[in-house]
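Number of protein chains: 4
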Amino acid sequence: MIKVGIIGAGRIGRVHSESISKYVKGAEIKAISDIKVTEELQSWAESMGIPNVYDDYRKILQDPEIDAVLVCSSTNTHAPISIEAAQAGKHIFCEKPIDPNKDKIREVLDVVAKAGVKFQVGFNRRFDHNFKAIRDRVVAGDIGEPHLIRVTSRDPDAPPIEYVKVSGGLFFDMTIHDFDMIRYLSGSEVVEVYAAGGVLVNPEIGKAGDIDTAVITLKLANGAIGVIDNSRKAVYGYDQRAEVFGSKGAVQTRNDTDSTAVYSCEAGVIAEKPKYFFLERYMQSFADEIKCFVDSIVNDKPTLVNGNDGLQPVLIALAAKKSLDEGRPVKISEVA
Amino acid sequence: MIKVGIIGAGRIGRVHSESISKYVKGAEIKAISDIKVTEELQSWAESMGIPNVYDDYRKILQDPEIDAVLVCSSTNTHAPISIEAAQAGKHIFCEKPIDPNKDKIREVLDVVAKAGVKFQVGFNRRFDHNFKAIRDRVVAGDIGEPHLIRVTSRDPDAPPIEYVKVSGGLFFDMTIHDFDMIRYLSGSEVVEVYAAGGVLVNPEIGKAGDIDTAVITLKLANGAIGVIDNSRKAVYGYDQRAEVFGSKGAVQTRNDTDSTAVYSCEAGVIAEKPKYFFLERYMQSFADEIKCFVDSIVNDKPTLVNGNDGLQPVLIALAAKKSLDEGRPVKISEVA
Amino acid sequence: MIKVGIIGAGRIGRVHSESISKYVKGAEIKAISDIKVTEELQSWAESMGIPNVYDDYRKILQDPEIDAVLVCSSTNTHAPISIEAAQAGKHIFCEKPIDPNKDKIREVLDVVAKAGVKFQVGFNRRFDHNFKAIRDRVVAGDIGEPHLIRVTSRDPDAPPIEYVKVSGGLFFDMTIHDFDMIRYLSGSEVVEVYAAGGVLVNPEIGKAGDIDTAVITLKLANGAIGVIDNSRKAVYGYDQRAEVFGSKGAVQTRNDTDSTAVYSCEAGVIAEKPKYFFLERYMQSFADEIKCFVDSIVNDKPTLVNGNDGLQPVLIALAAKKSLDEGRPVKISEVA
Amino acid sequence: MIKVGIIGAGRIGRVHSESISKYVKGAEIKAISDIKVTEELQSWAESMGIPNVYDDYRKILQDPEIDAVLVCSSTNTHAPISIEAAQAGKHIFCEKPIDPNKDKIREVLDVVAKAGVKFQVGFNRRFDHNFKAIRDRVVAGDIGEPHLIRVTSRDPDAPPIEYVKVSGGLFFDMTIHDFDMIRYLSGSEVVEVYAAGGVLVNPEIGKAGDIDTAVITLKLANGAIGVIDNSRKAVYGYDQRAEVFGSKGAVQTRNDTDSTAVYSCEAGVIAEKPKYFFLERYMQSFADEIKCFVDSIVNDKPTLVNGNDGLQPVLIALAAKKSLDEGRPVKISEVA
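Protein chains in written order, with the UniProt record's numbering: chain E, 1 to 336; chain C, 1 to 336; chain F, 1 to 336; chain X, 1 to 336.
Read the hints as simulated data drawn from the structure, not as lab findings. Only a predicted model underlies this, so the values are computations on that prediction, with no experimental measurement involved. A virtual CB, placed ideally from N, CA and C, is assigned to each residue, including glycine. Be aware that a few hints might be false.
[To be verified] Where chain X lies over chain E, by a calculated footprint (3+ residues, C-beta under 8 Å): (1) 40-53; (2) 141-155; (3) 211-221; (4) 227-233; (5) 316-329.
Based on the sequences and whatever the hints tell you, model everything.
Below you can see the structure in the form of structure tokens.
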């Protein structure tokens, strides 16, 4: 049984807390911290059986009983807190992105390497049953050499414009998961990116300097070609599909639904819409990534989403942004 | 190239004429007959390139150039015309049922046997791509020993009440195809039948002494159990599915649709309804059954739907009706 | 927060314990009892955080802090323990069947009624997302008047022959769930049953006086017809599907799978097999039935599976057995 | 009834001949020409009921009874024969591409316009039931404003290397259909193209200066983004799918199969592979495009695939080739 501390009690911090309580047998939460400790937080922590609530994450880092921390605070604090945590000898699960700045990421990875602690990045979709099933086929060799990797990733609705403004942009906020997925499913590195984008959902997003619709083409080191299509608003729900096509076959996934019920009536043959959004679709994967993290600590195994897996998608996002701005394909080496 | 005559220019007679013209390369239609030769029929025949239109089917039987006839006249004339045709040495394709009376059927089969002509019954669904795919799996041994055979057969709408009154009843008019399908898919004979039925679609059907909804259980000689569910009215269209389950696996079919398009919107994920009715769903099978018939003549092979295949479903229908009337399972041997 | 005691620490007792721990926020387990308290049980209980382990269930009944019990002991003890528990003023969740004997069931229901405690029977499939989606469509009126209800229920493999011998037979052991499902989905009572059965999977099952394959037709009070098909062995996995067809449309469910991945290769287009067996397929429903039970206690609401819901399937099973033995349809009134 | 002449008796010339004979009621074939009139061609023509076989297409153009011609000869002759045919006053159905050279295409379109004859290009996939169902949803407004258009187009196997060498390259030979499909489904013109390609199927194709795998991104005048993925070899068969996603929803199609049969066994749940290749998949569309052409003549309506529809995909292919060669997005205006 390892003891963990959660740094940041926002949405994702609570998602992890709940899934650890319910599903992760080998871990217990000893403390949670947040810059703002409200009564609501206190009472929520109590209901979860979390004994300590701090307003300073350093209390977590200073607790010798705590083996590992989950960095769930705001994005700009991921890097400095991870560095402090590593220096305090804590194993680290860090939410994505480690940092929007590639140099800061590299600094984190250096410190982590020197400290010899485990480090895992929160690309939870790698643990989703559907994407994992694709990956398993690829690893088993059933696809042969991958030739084409397609990821469809569309949100059910655009976030509030205030969120968009501070999100870092579509590529860093949303596509970052898909960039990771292309690497994960293909087993290869991205070498060049071309991004076509537009403002088709909401003109306010354009005024904020961002886009809401995109198609990104990615050339991979193994010769395969990846392609991602994104939209901030799919009126039918959260559309999360992927396909890997290769020399021996192809594997693709559909969306998950709440039930398999199909209703046939005069209007047509009607199935359910996809599960609404990431909490509904990916809840199990949030638990499974933490199980993996705990397992890597307990059994001293490498984590399945390591520091480089945190760095590469940021480089791809940088290249995608540059491609969009300059209207040309951009090599990762140009931004690395 | 063989020459055929069509006896009866109603709906099914014209369906066969069209499919022979379009799809059956080895046959041409030399004549068609109908008890009522209208101008419309004359002009239709001309458009089809059928050189002769008679009001007396005997002219077809007397034409030495005609090798084979399709008996598409009204049900009560199937048996006598088939007998005459056999005696005239013509090969016979006879629409189902040969006759509602089992003794008359046996008489037809005797005459046909003595005449040594080919005889095929119009159970076109055996030639449907979906049911054939099930049958192929069974014959290939992929199912192992069949244990359960399920047929779902529901019409898009009840026929006019005037039709119901002269139809011979649900079992003889509609389920007869499903009785044949159970035999075809299982490769075994029915030995006992239990029918549960009701009047749920239209009370007028009940007043006419018929039912519109039924579940029929069939015990087969090989130990397998068949089950058919029928409705005269499926508001979403013609529902035609089947499944064979056995010791090594199961195979089932879905409905055909006009396209594979699936529309995702706020209301749900909407696929197309089944093809509307038998002309839409089974058109290709009407052509293929005639191709098979022509092939059996040209290459002197047995037909794929022989006289016994015409007799057995009528016996099963008789048993089903008796079961419904008496509220108990009825053995085929009781009605044979 | 209510306190519960679990009576019986076999498979289903542990399933409920685990799901309460993980998913049921408003309940905690204070004690578990089993006639055989092993070290393994002690250590399992400790790992689950269950503070008390008894070899006598009466200690649970005598604990004034315990609000409710789950009767998970062997079938022949369900009735007497339920009676004692009711007399002790405990709310009761009783595994199915309450008893194979209808008179004992009625005795239990009488005592429960007098005691004024909540009583819920463990027909967990009512809480399955797929069957619930069908039921929701029926209740919403989307199906109109139900005409046909079909349940397919096939196990992945036959149980050991020793189990078969003491199981009470296919209808009491396996089909009992499907009998409940027909009532649940149709919203109507069964009035007559016809069962066709066979020994097609394993001749040892026949020697033990049981069957392994069945088709059961059920006439319902509202005129609809139900049909169940059962097999003890579907080589492709646990086959659990249902359909309700009515005047306004139909709704049907497919099997659940571990992922939606579809693999296309030279051999075909291959999807996953159904989830393996009831623990995999129905785990969430085990949690949800207990949530419902807890909710009925906390908010003083009727349970969703009441005493009559425990009685009726046993009556239907009795009628099915009699029908199979006598080769004729049997009215529920004959066995009630 | 109009009379047509077929120019070119190769594969596609014969496909059109057969489909006209079978399906197109308002047309009859009076003559066919080929530069090489063999005995085999003579006997095939006889079996099709085509009365005249010429070695000089000019005999067809000179026959005053012939209303329309189908130009099915080799690609380099499409333009000059179309010009002659227009000058002879014949309506023209011209196989794609009109010409690889955009100036020649424009010359053809000029002559056709002056002659006032009907002109249709052989983009048969517009008449495919699946793609038409997508288009119908778009035209009906069910998709709202289109945002993303995806076309997957993969052949079951690469053509012989000798064919590849003279094919004009992947974009002109294969993707040309997909370029047309993007325009057809989106209802908008392509303004810029970016092509990523590789040689992943067969290195010989690379040695011949061509590619076998590609992802092409297309910016459309209405702001939508199109994306095509191509492979010369999908081992599971001919993969032909599309999706349009927009402000009100999305519509997508699956592949067609020979039957809907699904086989469940220990190895998995196995459906059929897609129909093998274009003759199997698109046969009906070949008939329907000719019906449309005949209808446009008989009822003096515009054709559904006009001269500009023949020109635009060639311009897009030119831009795609330039993009691939230069590693940058290319505007259509650069190549027009």
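- What are the numbers of the hints the structure violates, in ascending order? 1
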